[in-house]
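**Student:** Protein sequence lines correspond, in order, to chains A and B.
So the first sequence is numbered by full-length UniProt numbering: it starts at 1 and just counts up by one.
So the second sequence is numbered by full-length UniProt numbering: it starts at 1 and just counts up by one.
Worth flagging that the hints you see were computed from the coordinates, not collected in a lab.
There may be inaccurate statements among the hints.
As the list makes no split between identical chains, a pair holds if one copy fits it or if it spans any two.
[As the list claims (entries may be wrong)] In silico DSSO-like links for lysine-lysine, alpha-carbon gap of 30 Å or less:
hint : residue 1 : residue 2
1    : K332      : K232
2    : K279      : K2
3    : K44       : K330
4    : K332      : K159
5    : K152      : K357
6    : K279      : K330
7    : K330      : K232
8    : K279      : K358
9    : K279      : K159
What you are looking at is a predicted structure, and each value in this text was computed from that prediction instead of being measured.
Number of protein chains: 2
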Amino acid sequence: MKNTYFTPGPAELYPTFYQHLQTALDEQIGSISHRSQTFRDIYKHTDEQLRTLLNIPATHGIFFTGSASEVWERILLNCVEHESFHLVNGSFSRKFYDYAQSLHKYAHLAEKPFGEGFDYADIEVPEYAELVCVTHNETSSGVQMRPAEIHKLKRKYSKKLFCVDIVSSAPYPDLDFSIIDSAFFSVQKAFGMPAGLGVWIAGKSCLEKAERLQRYDGMTIGAHHTLPTLWKNYQTFETPATPNVLGIYILGKIAEDFNRIGIDTLRRQTEEKARMLYKFLENHADYEPFVADDRHRSQTVIVAKTKQPSADVINAARQANMVIGSGYGKFKESQIRIANFPATSVDQVAALIEQLKK
Amino acid sequence: MKNTYFTPGPAELYPTFYQHLQTALDEQIGSISHRSQTFRDIYKHTDEQLRTLLNIPATHGIFFTGSASEVWERILLNCVEHESFHLVNGSFSRKFYDYAQSLHKYAHLAEKPFGEGFDYADIEVPEYAELVCVTHNETSSGVQMRPAEIHKLKRKYSKKLFCVDIVSSAPYPDLDFSIIDSAFFSVQKAFGMPAGLGVWIAGKSCLEKAERLQRYDGMTIGAHHTLPTLWKNYQTFETPATPNVLGIYILGKIAEDFNRIGIDTLRRQTEEKARMLYKFLENHADYEPFVADDRHRSQTVIVAKTKQPSADVINAARQANMVIGSGYGKFKESQIRIANFPATSVDQVAALIEQLKK
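Turn these sequences into a full structure, and let the hints guide you.
**Tutor:** Given below as structure tokens:
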């Protein structure tokens with residue numbers, strides 16, 4: 001019997017994945033040249049579907065990398081001469097900050113304890129920070145920063161570039177790309193695909209910065225997947241190096257499925273399932289939502305404290321063919337993490353809740 | 001009717017690919033955590049099979065990236081403080097050199113005209129070059145450098161790190177990893193898989209260099225996929241970021257299939273098919289092998305000059321459901337490129353030759 005994966009990525013594959021994969025194999029997409037018209041049509045289709053789904057304007061390009069982690073490095077190399085600023089409230093926002101330090105950027109941070117979130121009013125962006133790095137959804141702690149708060153912050157610091165990590169939440173957050181300069185995600189989360197493909201959305205503001213930095217003496221923006229080379233190739237829907245062609249094809253097809261359902265419906269379904277889960281966690285003696293403030297609670301990665309050791313809860317669920325994640329890092333044994341992505345239905349979430357009650 | 005792809009990557013999928021993919025889907029490999037024992041077992045298996053296939057000693061680790069192009073950047077960042085040296089005789093060895101320049105390394109080069117190859121006796125490595133970058137097989141021009149020549153060069157310059165691009169030839173070349181410090185390839189060539197996974201083999205000599213550079217003031221070895229973080233995670237068969245898990249699984253299975261056939265048999269088959277192709281090209285009035293010197297002729301990417309416009313040859317083959325590559329860059333219209341990878345059999349090569357005769 002197959003498991004249902006409620007893990008926060010890699011996660012349950014989206015139900016239509018298998019059929020799109022079969023079509024791709026029938027059409028031999030795994031063998032086509034990435035310099036062929038067939039590939040350019042695939043890239044264009046995926047670009048159009050993501051553009052519709054996430055409401056991305058013509059000012060922004062959509063690029064492919066090996067992973068979202070790769071994008072952390074790329075945007076820091078391409079968009080920061082000296083200083084970046086990071087909102088850190090968990091392990092992944094911390095890694096983004098660590099990347100900046102490894103690249104010898106002067107990295108500022110504002111930090112919240114694990115399980116707490118940021119609001120607009122909390123944040124003072126340092127004067128010389130060039131790039132503000134915001135994590136919409138902290139996969140490790142289940143904390144979100146609401147898009148409205150991110151937008152207010154950007155409006156206050158409109159001259160600075162804003163980059164939003166939507167790795168474990170896209171397409172849920174309704175980001176306003178008329179002001180947000182860049183965002184990125186990976187496909188093994190809410191898009192329900194196997195890992196191995198990162199998606200980087202970046203606007204002309206980012207490109208201009210990268211081109212400027214590239215002209216500076218003694219400044220390198222890297223060699224692989226630089227924004228100017230990605231952008232140049234993108235003009236003809238090509239990529240600088242051979243990309244994950246099969247992944248790009250399937251991503252376009254799943255984004256098309258999402259568009260057929262409609263982003264509003266998808267968001268409503270996500271909120272409904274999240275409401276079911278949080279309500280259960282609040283009312284059951286054996287569990288408690290980890291994130292105290294309702295407005296900071298993630299809609300896509302729900303983290304709960306468990307009264308029993310989390311391994312007992314996880315193993316019992318496993319017996320019932322449901323896979324849930326453990327807590328992250330030092331919370332491994334006292335928390336569980338439940339992904340709430342489009343691949344799992346209301347019925348499946350209801351079944352999980354029944355299992356957790358046992 | 002399905003096409004047979006003789007293109008030099010992406011290429012024909014290896015016949016067992018489909019069955020391995022099906023097993024992976026049945027076992028839900030696309031959903032498993034990259035921090036699980038199941039994943040560690042997969043990485044370990046792929047590591048063991050590649051180690052057997054390519055005769056890689058315990059001094060070397062095997063790491064995964066998004067592509068082979070990514071490895072160009074990684075090895076330059078991790079193993080070059082100031083100076084690299086590049087043997088350039090085509091578009092891909094040139095790109096490796098370009099990457100070094102983009103990273104502001106002092107990049108030396110020895111260059112041969114397109115279609116010509118290097119021998120040991122030709123090469124003087126500059127005194128301060130730290131890394132010697134050799135392309136075993138130039139995918140653009142169909143030129144190889146024989147492993148024996150590479151080994152002689154390394155023995156002469158034994159203190160320098162040697163890195164060999166085997167992107168479009170692995171597992172064919174019999175490299176001696178007791179002296180070769182690093183090599184890399186991508187899976188969409190001779191391993192017959194869809195693109196989206198690079199493989200980086202690097203020895204302790206490379207790690208030590210990276211660790212040394214990391215300690216230097218003002219020196220960055222990058223942030224993503226640095227050799228020290230790859231190596232640290234590799235100790236428990238993990239990866240720093242979520243990798244292409246499905247690709248790693250299938251690569252291990254195909255490497256296992258290759259080991260079952262035996263690397264000697266695979267190499268003999270490759271040579272036999274290459275002999276058939278070159279013999280035909282030499283004896284037919286409409287074609288001519290592009291690479292004049294027999295010892296520089298690639299066994300895995302065979303390039304031919306065509307009397308007719310190459311598009312005519314390519315289109316005619318296409319009608320017969322055989323896909324061959326065009327020439328690279330400015331040779332697009334006057335050359336064809338034929339991949340000779342394990343995925344295509346002697347019979348398929350014979351059928352292609354019959355087609356080219358028409």
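**Student:** Up to 30 Å between alpha-carbons, please classify K279 paired with K330: within, between, both or neither.
**Tutor:** Answer is within: at 25 Å inside a copy they meet the 30 Å cutoff, but 65 Å across does not.
**Student:** Treating 30 Å as the Cα threshold, decide for K279 and K358: within, between, both or neither.
**Tutor:** Within one copy only: 16 Å inside, 72 Å across.
**Student:** Could you figure out if K279 and K159 sit no more than 30 Å apart (CA to CA) within one copy, between two copies, both or neither?
**Tutor:** neither (41 Å within a copy, 65 Å between copies)
**Student:** Checking K279 and K2: alpha-carbon separation at most 30 Å within a copy, between copies, both or neither?
**Tutor:** within (27 Å within a copy, 53 Å between copies)
**Student:** Treating 30 Å as the Cα threshold, decide for K152 and K357: within, between, both or neither.
**Tutor:** Neither, since 40 Å and 69 Å both go past 30 Å.
**Student:** Given identical chains, is K332 near K232, meaning Cα to Cα at most 30 Å, within a copy, between copies, both, or neither?
**Tutor:** Answer is between; shortest inter-copy Cα gap is 21 Å, intra-copy 44 Å.
**Student:** 30 Å Cα cut-off: does K44 pair with K330 within a copy, between copies, both or neither?
**Tutor:** between (43 Å within a copy, 26 Å between copies)
**Student:** State whether the alpha carbon distance between K330 and K232 is at most 30 Å within one copy, between copies, both, or neither.
**Tutor:** Answer is between: at 20 Å across copies they meet the 30 Å cutoff, but 44 Å inside does not.
**Student:** With identical chains treated as interchangeable, where does the CA-CA distance between K332 and K159 reach 30 Å or less: within a copy, between copies, both, or neither?
**Tutor:** This pair counts as neither: shortest intra-copy Cα distance 40 Å, inter-copy 46 Å.
The structure fails to meet hints 4, 5, 9 from the earlier list, while all remaining hints are met.
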